[in-house]
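Single-letter residue listing:
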Amino acid sequence: MYFAQVLINGILLGSVYALLGVGMTMIFGIVKLTNLAHGEFVILGAYLSTVLAPLLGIDPILTLFITVPLMFLLGFLLQYLLIGWAMKKGSEPALLVTFGLSIILQDGMLMLFSADAQHIPVSYSMDTVKIGSLEISVLHLVLFAISLVSIAALSLFLRNTYIGRAIRATADDADVAALSGVNINRIYAIAMGIAMASAAVAGLCVGMKWTYDPSAGGNYLLIAFVVVVIGGMGSVPGTLVAGILFGMAQVIGGASYGLLISYILLLLVLIFRPKGIFGK
Amino acid sequence: MSDALLSIKNLSAGYGDFVAVESVDLAVKKGQIVSLIGINGAGKTTLMHTVAGLHKPASGKVLFGGEDITGLPADKIVAKGLSLVPQGGRCFTRMSVQDNLLMGSFPRSARKNAKQTLEHIYELFPDLGEMKQRPAGNLSGGQRQMVAIGRALMGDPECLIFDEISLGLSPAVINDIYKKIKRINEEENTSIILIEQDIHRALKASDAFYVMLKGRVALSGQSDEIDSETLKKAYFGI
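First to last, the sequence lines map onto chains A and B. The letter at position 89 of the first sequence is residue 89 when you use our numbering, and the numbering goes up by one with no holes. The letter at position 19 of the second sequence is residue 19 when you use our numbering, and the numbering goes up by one with no holes.
It is worth saying that the hints were derived from the structure and are not from the lab. Just so you know, even glycine gets a beta-carbon here, dropped at the ideal spot from N, CA and C. Wrong hints could be hidden among the right ones.
As the list claims (entries may be wrong) - Computed list of lysine-lysine pairs in DSS-like fashion (alpha-carbon distance at most 27 Å, straight line):
1) B:Lys115 x B:Lys30
2) B:Lys179 x B:Lys204
3) A:Lys209 x A:Lys130
4) A:Lys89 x A:Lys32
5) B:Lys9 x B:Lys56
6) B:Lys179 x B:Lys232
7) B:Lys56 x B:Lys80
8) A:Lys280 x B:Lys132
9) B:Lys9 x B:Lys61
10) B:Lys115 x B:Lys80
11) B:Lys112 x B:Lys180
12) B:Lys232 x B:Lys29
13) B:Lys56 x A:Lys89
14) B:Lys76 x B:Lys112
15) B:Lys180 x B:Lys132
16) B:Lys29 x B:Lys9
17) A:Lys32 x B:Lys56
18) B:Lys80 x A:Lys88
19) B:Lys76 x B:Lys30
20) B:Lys179 x B:Lys132
21) B:Lys30 x B:Lys9
22) B:Lys61 x A:Lys88
23) B:Lys76 x A:Lys88
24) A:Lys32 x B:Lys76
25) A:Lys89 x B:Lys76
26) B:Lys232 x B:Lys214
27) B:Lys56 x A:Lys88
As the list claims (entries may be wrong) - Coverage of chain A stretches by chain B, computed from C-beta distances (three or more under 8 Å per stretch; other residues unrestricted):
28) 163–170
29) 176–183
The following block holds chain A by itself, in its conformation from the complex (with noise of 0.2 Å):
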């Protein structure tokens, strides 16, 4: 029963640490780049679904109509424009570059929200349902919906579209990809732009089961981190599954030692899978 309510958990909110660790995994194995960045692009997210939800009167979820086509075209002339840049000289500064803007986004929404703690209030936060002797939140099936679907709707989308098609096999081997008639700029532009278009979703997410504040971004590029070295760099079905792994470990291990238990096995992954579960 006990192990039944923590699997059922688990995979819920599991669900988001997949999302948070899903744009990660995608600037990894396409762009080989590390954004440092990744976290204060969620909380960028948060924020936007934040200020968007009462100023149009619309339920928080809706905001992703808007904020997941900004932050694709937003990741898009990022990279094309400045990181790409950078990446001709290396990928020591490219890596600097991603630094760079965390902390100019850090900064940033510093200035524009204050260093209070903020939420996105729903109706339902509180609320569960019961499927025989089990006690579902309703919010954690409404996360696990929403990253579930933009889950699938990336894998659909990468593998039956020529630009999905176009983007695996750049992840695959660049120069040949090139040779079929791939402008790698672009598809390391679209990776970008799906990165950010994930942290609007995760952002939304994280906003509305934890409280979040300019700072918070670190935290989240950390788990980010262990989801995609778990699952595998560069593999979307291994940050799903890495992203339910890691949820049962902070369910199982409750606020003091579920990040320990996370550790613990991201070291275990290290030693016998060193690629991650899903890496090859």
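Chain B: place on chain A using the hints.
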């Protein structure tokens, strides 16, 4: 030279201070098979990577169909109808055979006829049709080479460059692949450049040849007119 589909004029390229290709002139007519032969490190691959847009030239010009394509990126050059099949049958190993082939029709001009071209490739390489859902990483060297050729054909190229296509393959597989190349050339009137180390095979398959040595063209001519002694001297630089 004026009826050439591909014209390379006084082209030089290198890596930092190292000059790998120096003042090379080369021409390929429509429908012609040209072999580019030379020992390891002669500059053959660098020359063709420069032509195909994978490497920036230091100086010189590349004209394709009369248009200057010097220094254009690889994706733009593929869209104009010039494709390179890289050494070692490089494929997208995590993707299925069919997805690998479909990647070849990425240029917009090739997408319209992608379905028919795919059927044509499965007819040309029946083995690929039987393993279309298999990951390319699980294929043998010869099968990967077929995938790489098929992928290049999906772009409906006017000129195909094969980089050391026989490297690491068994003689039976090499013979089979060379027969397919001949068929592609005859059926589609596709111009072909064969980068080879195997002098005899290259000469037998081509109409014209170029021998490269230390980054320069040491000898060129018609494949059926050259005597083996002259060729050997140019090849080894003796």
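Against the structure, the hints:
1. For the proposed pair Lys115 (chain B) and Lys30 (chain B), the alpha carbon gap of about 26 Å is at most 27 Å, so the pair holds.
2. Simply put, Lys179 (chain B) and Lys204 (chain B) have alpha-carbon atoms about 12 Å apart, close enough for the 27 Å limit, and the pair holds.
3. Pair hint Lys209 (chain A) plus Lys130 (chain A) holds up; C-alpha atoms about 20 Å apart against a cutoff of 27 Å.
4. With a C-alpha separation of about 14 Å, the suggested pairing of Lys89 (chain A) with Lys32 (chain A) holds against the 27 Å cut-off.
5. For a cut-off of 27 Å, the pair hint linking Lys9 (chain B) to Lys56 (chain B) stands: about 15 Å separates their Cα positions.
6. Note on Lys179 (chain B) and Lys232 (chain B): the hinted pairing holds, with a Cα-Cα distance of about 26 Å set against a maximum of 27 Å.
7. With a C-alpha separation of about 18 Å, the suggested pairing of Lys56 (chain B) with Lys80 (chain B) holds against the 27 Å cut-off.
8. For the suggested pair Lys280 (chain A) and Lys132 (chain B), the alpha carbons sit about 21 Å apart, so the restraint of at most 27 Å is met.
9. Restraint check for Lys9 (chain B) and Lys61 (chain B): the C-alpha separation of about 5 Å stays at or below 27 Å, so the hint holds.
10. Restraint check: the Cα-Cα separation between Lys115 (chain B) and Lys80 (chain B) comes to about 20 Å, which is no more than 27 Å; the hinted pair holds.
11. With a C-alpha separation of about 24 Å, the suggested pairing of Lys112 (chain B) with Lys180 (chain B) holds against the 27 Å cut-off.
12. For a cut-off of 27 Å, the pair hint linking Lys232 (chain B) to Lys29 (chain B) stands: about 26 Å separates their Cα positions.
13. For the hint pairing Lys56 (chain B) with Lys89 (chain A), the CA-to-CA distance comes to about 16 Å; that is within 27 Å, so the pair holds.
14. Under the criterion of a C-alpha separation no larger than 27 Å, the hint pairing Lys76 (chain B) with Lys112 (chain B) is consistent with the structure, at around 18 Å.
15. Among the hinted pairs, Lys180 (chain B) with Lys132 (chain B) is consistent with the structure: their alpha-carbon atoms are about 19 Å apart, no more than 27 Å.
16. Only pairs whose Cα atoms come within 27 Å are accepted, and Lys29 (chain B) paired with Lys9 (chain B) is accepted, the gap being roughly 14 Å.
17. The straight-line distance between the Cα atoms of Lys32 (chain A) and Lys56 (chain B) is roughly 23 Å, inside the 27 Å bound, and the hint therefore holds.
18. Taking the CA atoms of Lys80 (chain B) and Lys88 (chain A), the gap is about 26 Å. The hint holds against a cut of 27 Å.
19. Between the alpha carbons of Lys76 (chain B) and Lys30 (chain B) the distance comes to roughly 20 Å, so the proposed pair stays at or under 27 Å and holds.
20. Between Lys179 (chain B) and Lys132 (chain B) the alpha-carbon distance is near 22 Å, which keeps this suggested pair within the 27 Å criterion.
21. Between the alpha carbons of Lys30 (chain B) and Lys9 (chain B) the distance comes to roughly 17 Å, so the proposed pair stays at or under 27 Å and holds.
22. Among the hinted pairs, Lys61 (chain B) with Lys88 (chain A) is consistent with the structure: their alpha-carbon atoms are about 24 Å apart, no more than 27 Å.
23. Under the criterion of a C-alpha separation no larger than 27 Å, the hint pairing Lys76 (chain B) with Lys88 (chain A) is consistent with the structure, at around 19 Å.
24. Taking the CA atoms of Lys32 (chain A) and Lys76 (chain B), the gap is near 23 Å; set against the 27 Å cutoff, the hint holds.
25. For the hint pairing Lys89 (chain A) with Lys76 (chain B), the CA-to-CA distance comes to about 23 Å; that is within 27 Å, so the pair holds.
26. For the hint linking Lys232 (chain B) to Lys214 (chain B), the alpha-carbon distance of about 15 Å falls within 27 Å, and the restraint holds.
27. About 14 Å separates the Cα atoms of Lys56 (chain B) and Lys88 (chain A), which keeps this hinted pair within 27 Å; it holds.
28. Using a Cβ-Cβ cut-off of 8 Å, 4 residues of the segment 163–170 of chain A lie near chain B, which meets the minimum of three, so the contact claim holds.
29. Coverage of a stretch by a chain is defined here by at least three residues with a beta carbon nearer than 8 Å to that chain's beta carbons; for the segment 176–183 of chain A and chain B the count is 8, and the condition holds.
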